[in-house]
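Residue numbers (this note's numbering), protein chains in the order written: chain P, 1 to 137; chain E, 1 to 137; chain Y, 1 to 137; chain X, 1 to 137; chain D, 1 to 137; chain W, 1 to 137.
Read the hints as simulated data drawn from the structure, not as lab findings.
Be a bit skeptical, because a hint or two may be false.
Just the calculated beta-carbon pair ranges, DEER-fashion [said to hold, decoys possible]:
1. Y:Glu29 x X:Ala33: 38 to 44 Å
2. X:Gly94 x Y:Asp41: 18 to 24 Å
3. D:Gly59 x Y:Arg57: 25 to 31 Å
4. W:Glu125 x P:Asp37: 52 to 58 Å
5. D:Arg63 x P:Ala128: 30 to 36 Å
6. X:Thr96 x D:Glu125: 43 to 49 Å
To spell it out: a stretch of chain X is covered by chain Y in this simulated footprint if at least three of its residues, at any positions, have a beta carbon under 8 Å from a beta carbon of chain Y; those stretches are [claimed, not checked]:
7. 99 to 111
8. 118 to 126
Being a predicted model, the structure only gives us computed values, none of them experimental.
Yeah, the Cβ is synthetic: ideal placement off N, Cα and C, and Gly gets one too.
There are 6 protein chains.
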Amino acid sequence: MTQQNCNADDSRLERGRRALAEIDGEAGEKVVAALADIAPDFATYLLEFPFGDIYCRPGLDLRAREIATIAALTALGNAAPQLKVHIAAGLNVGLTRDEITEIIMQMAVYAGFPAALNGLFAAKEVFAPQSAAESGA
Amino acid sequence: MTQQNCNADDSRLERGRRALAEIDGEAGEKVVAALADIAPDFATYLLEFPFGDIYCRPGLDLRAREIATIAALTALGNAAPQLKVHIAAGLNVGLTRDEITEIIMQMAVYAGFPAALNGLFAAKEVFAPQSAAESGA
Amino acid sequence: MTQQNCNADDSRLERGRRALAEIDGEAGEKVVAALADIAPDFATYLLEFPFGDIYCRPGLDLRAREIATIAALTALGNAAPQLKVHIAAGLNVGLTRDEITEIIMQMAVYAGFPAALNGLFAAKEVFAPQSAAESGA
Amino acid sequence: MTQQNCNADDSRLERGRRALAEIDGEAGEKVVAALADIAPDFATYLLEFPFGDIYCRPGLDLRAREIATIAALTALGNAAPQLKVHIAAGLNVGLTRDEITEIIMQMAVYAGFPAALNGLFAAKEVFAPQSAAESGA
Amino acid sequence: MTQQNCNADDSRLERGRRALAEIDGEAGEKVVAALADIAPDFATYLLEFPFGDIYCRPGLDLRAREIATIAALTALGNAAPQLKVHIAAGLNVGLTRDEITEIIMQMAVYAGFPAALNGLFAAKEVFAPQSAAESGA
Amino acid sequence: MTQQNCNADDSRLERGRRALAEIDGEAGEKVVAALADIAPDFATYLLEFPFGDIYCRPGLDLRAREIATIAALTALGNAAPQLKVHIAAGLNVGLTRDEITEIIMQMAVYAGFPAALNGLFAAKEVFAPQSAAESGA
Numbered sequence: 001m002t003q004q005n006c007n008a009d010d011s012r013l014e015r016g017r018r019a020l021a022e023i024d025g026e027a028g029e030k031v032v033a034a035l036a037d038i039a040p041d042f043a044t045y046l047l048e049f050p051f052g053d054i055y056c057r058p059g060l061d062l063r064a065r066e067i068a069t070i071a072a073l074t075a076l077g078n079a080a081p082q083l084k085v086h087i088a089a090g091l092n093v094g095l096t097r098d099e100i101t102e103i104i105m106q107m108a109v110y111a112g113f114p115a116a117l118n119g120l121f122a123a124k125e126v127f128a129p130q131s132a133a134e135s136g137a
Numbered sequence: 001m002t003q004q005n006c007n008a009d010d011s012r013l014e015r016g017r018r019a020l021a022e023i024d025g026e027a028g029e030k031v032v033a034a035l036a037d038i039a040p041d042f043a044t045y046l047l048e049f050p051f052g053d054i055y056c057r058p059g060l061d062l063r064a065r066e067i068a069t070i071a072a073l074t075a076l077g078n079a080a081p082q083l084k085v086h087i088a089a090g091l092n093v094g095l096t097r098d099e100i101t102e103i104i105m106q107m108a109v110y111a112g113f114p115a116a117l118n119g120l121f122a123a124k125e126v127f128a129p130q131s132a133a134e135s136g137a
Numbered sequence: 001m002t003q004q005n006c007n008a009d010d011s012r013l014e015r016g017r018r019a020l021a022e023i024d025g026e027a028g029e030k031v032v033a034a035l036a037d038i039a040p041d042f043a044t045y046l047l048e049f050p051f052g053d054i055y056c057r058p059g060l061d062l063r064a065r066e067i068a069t070i071a072a073l074t075a076l077g078n079a080a081p082q083l084k085v086h087i088a089a090g091l092n093v094g095l096t097r098d099e100i101t102e103i104i105m106q107m108a109v110y111a112g113f114p115a116a117l118n119g120l121f122a123a124k125e126v127f128a129p130q131s132a133a134e135s136g137a
Numbered sequence: 001m002t003q004q005n006c007n008a009d010d011s012r013l014e015r016g017r018r019a020l021a022e023i024d025g026e027a028g029e030k031v032v033a034a035l036a037d038i039a040p041d042f043a044t045y046l047l048e049f050p051f052g053d054i055y056c057r058p059g060l061d062l063r064a065r066e067i068a069t070i071a072a073l074t075a076l077g078n079a080a081p082q083l084k085v086h087i088a089a090g091l092n093v094g095l096t097r098d099e100i101t102e103i104i105m106q107m108a109v110y111a112g113f114p115a116a117l118n119g120l121f122a123a124k125e126v127f128a129p130q131s132a133a134e135s136g137a
Numbered sequence: 001m002t003q004q005n006c007n008a009d010d011s012r013l014e015r016g017r018r019a020l021a022e023i024d025g026e027a028g029e030k031v032v033a034a035l036a037d038i039a040p041d042f043a044t045y046l047l048e049f050p051f052g053d054i055y056c057r058p059g060l061d062l063r064a065r066e067i068a069t070i071a072a073l074t075a076l077g078n079a080a081p082q083l084k085v086h087i088a089a090g091l092n093v094g095l096t097r098d099e100i101t102e103i104i105m106q107m108a109v110y111a112g113f114p115a116a117l118n119g120l121f122a123a124k125e126v127f128a129p130q131s132a133a134e135s136g137a
Numbered sequence: 001m002t003q004q005n006c007n008a009d010d011s012r013l014e015r016g017r018r019a020l021a022e023i024d025g026e027a028g029e030k031v032v033a034a035l036a037d038i039a040p041d042f043a044t045y046l047l048e049f050p051f052g053d054i055y056c057r058p059g060l061d062l063r064a065r066e067i068a069t070i071a072a073l074t075a076l077g078n079a080a081p082q083l084k085v086h087i088a089a090g091l092n093v094g095l096t097r098d099e100i101t102e103i104i105m106q107m108a109v110y111a112g113f114p115a116a117l118n119g120l121f122a123a124k125e126v127f128a129p130q131s132a133a134e135s136g137a
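Kindly generate the complete structure, drawing on both the sequences and the hints.
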């Protein structure tokens, strides 16, 4: 999946807002909304730099970018909410559940078994409601 | 690039030895050799589990696996020698320099600018001699 | 705010107890109480070394010390309960909500956006009941 | 306590399964079960490498191995569920509650007071039901 | 010291360039130069986001911002080059050597004695040439 | 090995000084000396809290304490100088080289292969000169 919503003519904020919507979906919008009453400027930075600047760069497709992010957040092991958002984002940009599971399992090599286990259990939570949704529930 | 050197009929050790050679090249063999007089069994585990087991799994190609590893080691920021080995490994399995640079830059978002800067300077070191070699020096 | 409750003539334990009360308030006393049945000696060390020794040193005022602590705990990202205690402590020693929010936002640069986001959401929790209290609720 | 359940003639998986049962008890089996629907191969790796390979090595007894694991997980501070499993495992292989408390307290020196505090509160949770059980409740 | 070089009418890049010069001095320019042949866009982001956006925000003076950064980089313990740059930056924006030493010592409480020791030895290196220069050597 | 040099009648500083000498030997004294011109009070804290307080506690022998410290510093992976001091300390309090190697290898499970590899190479450096000394060189 390419960064189709990234238009160099748009402002960074506008570009970031569309990239966030494409990648993180509703979960990203919830984060932005949650910042409104404590640090609205931080929501702007979040849209502008990670999404408007980095994710919109053409040199790497979104699939590769989400592989990198899921790997890093699993390895760091101290950002469970963001890992879940990006596991969902991985599905949004075309990674399969099995591919996401492979990425997380591989982190046992680089960050230890506990980091990988906690990553897998995060994935299980993210995958679960979707399974329900897919089955019509 | 697929895991062409991974044969389910081989022992994990044999499979791992070939996967290590394919992915990490000479740098991987140096690590194994350096372990010989202090912890030879650990060299065996390194060949068997990360390379014989994980990298040989069919669900994710080596390009994707190296994206994940470069991202994680950049983000963790405490394993410079291994990061350099895997930046070289990334080139071995088909990532371009620009793609590797993109992955590392993206880590500024998830692990901060210092982690990304140190990753970029590691990449610069890895890329340098190769540039020299390519120019015939 | 200076370390007015630190008296060199007092024992480290006594000095630490008063410094803890001044800085962390009720939250600090709860931590000490929670240690009573598992590791009472650790409560003593906690009062003596961080509070009796370090926070009572004259070379840096409590405002600066809490800036440092809030920054470090946000960046480490693996000690949410202690971060909340020190966000409240920051308010106790004279930092404003906006200043605390600035410190945490800045950590996006050094530890990544997830660490800053989780720090901001911790601040939101700490600020919330106080808002309620201030409004008379 | 020695690794009495480790038999070199068994497969790594079989050896690991018995070592896991001996060390982690029911908690270990729950982890394996929880992986069944998301990453069953990872359960196999977990049994084979950490338990079948590492914990079954003769050079260090299980008591020493659990001291090392409890220390590391307390210091890392980002794997609370696994720390709790290994605090229980420490009791299983003969560490006393006081010894486990000493190990965790010592981590204040190497990873800071928050890491040690969170480790002590994890221990308190693990010790609690057992106290209840011991008293016949 | 206030952010006197931050002018809202300038571009983020221009503002960031001046803020970097004011805060990090020559060391900051060296980092930017070192990025020129590997990731020039990252130099732009570094000037724009941390310096043009964050350090130029009016809600916290540069002295407080450097306290936060020195604390965080000491605690993280995996970014020695950046810690040294910011110890020098601390001196540039008005922190005394003794204040910087206090901040780093305090990190023993939150990230352990090794992190504080390595921070103090980094400070010793930064302070050393300046001492020499001041004495006319 | 028990804490034979710890006498409750001595001051914490005196007790710590003797414990440091017993455990870390010359390397510990070098650290204290290196702090003299930058943060002499921190040398006092280092002697008093980790050594005078923690290592002198009777509930865990020095062998067990060094297992915990070597494990934690290997897993954290960001304090190579201190890890080397404590690998030497492990030998001082009666751990064998093989036992130290086992502890470090085990950390591959909890903190990943790079952390374990870097720990093993640190051990190799510490073991090397001693080997030379033992052979009369």
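Consistency of the hints with the structure:
1. Y:Glu29 x X:Ala33: 38 to 44 Å: Given about 41 Å between the Cβ atoms, the range holds.
2. X:Gly94 x Y:Asp41: 18 to 24 Å: Between Gly94 (chain X) and Asp41 (chain Y), where Cβ atoms are some 23 Å apart, the hint holds.
3. D:Gly59 x Y:Arg57: 25 to 31 Å: Cβ of Gly59 (chain D) to Cβ of Arg57 (chain Y): about 27 Å, so the range 25 to 31 Å holds.
4. W:Glu125 x P:Asp37: 52 to 58 Å: Taking Cβ atoms as reference, Glu125 (chain W) and Asp37 (chain P) lie about 53 Å apart, which means the hint holds.
5. D:Arg63 x P:Ala128: 30 to 36 Å: violated, 49 Å
6. X:Thr96 x D:Glu125: 43 to 49 Å: holds, 44 Å
7. 99 to 111: holds (count 4)
8. 118 to 126: Held - the region 118 to 126 of chain X has 5 residues with a Cβ nearer than 8 Å to chain Y, which meets the minimum of three.
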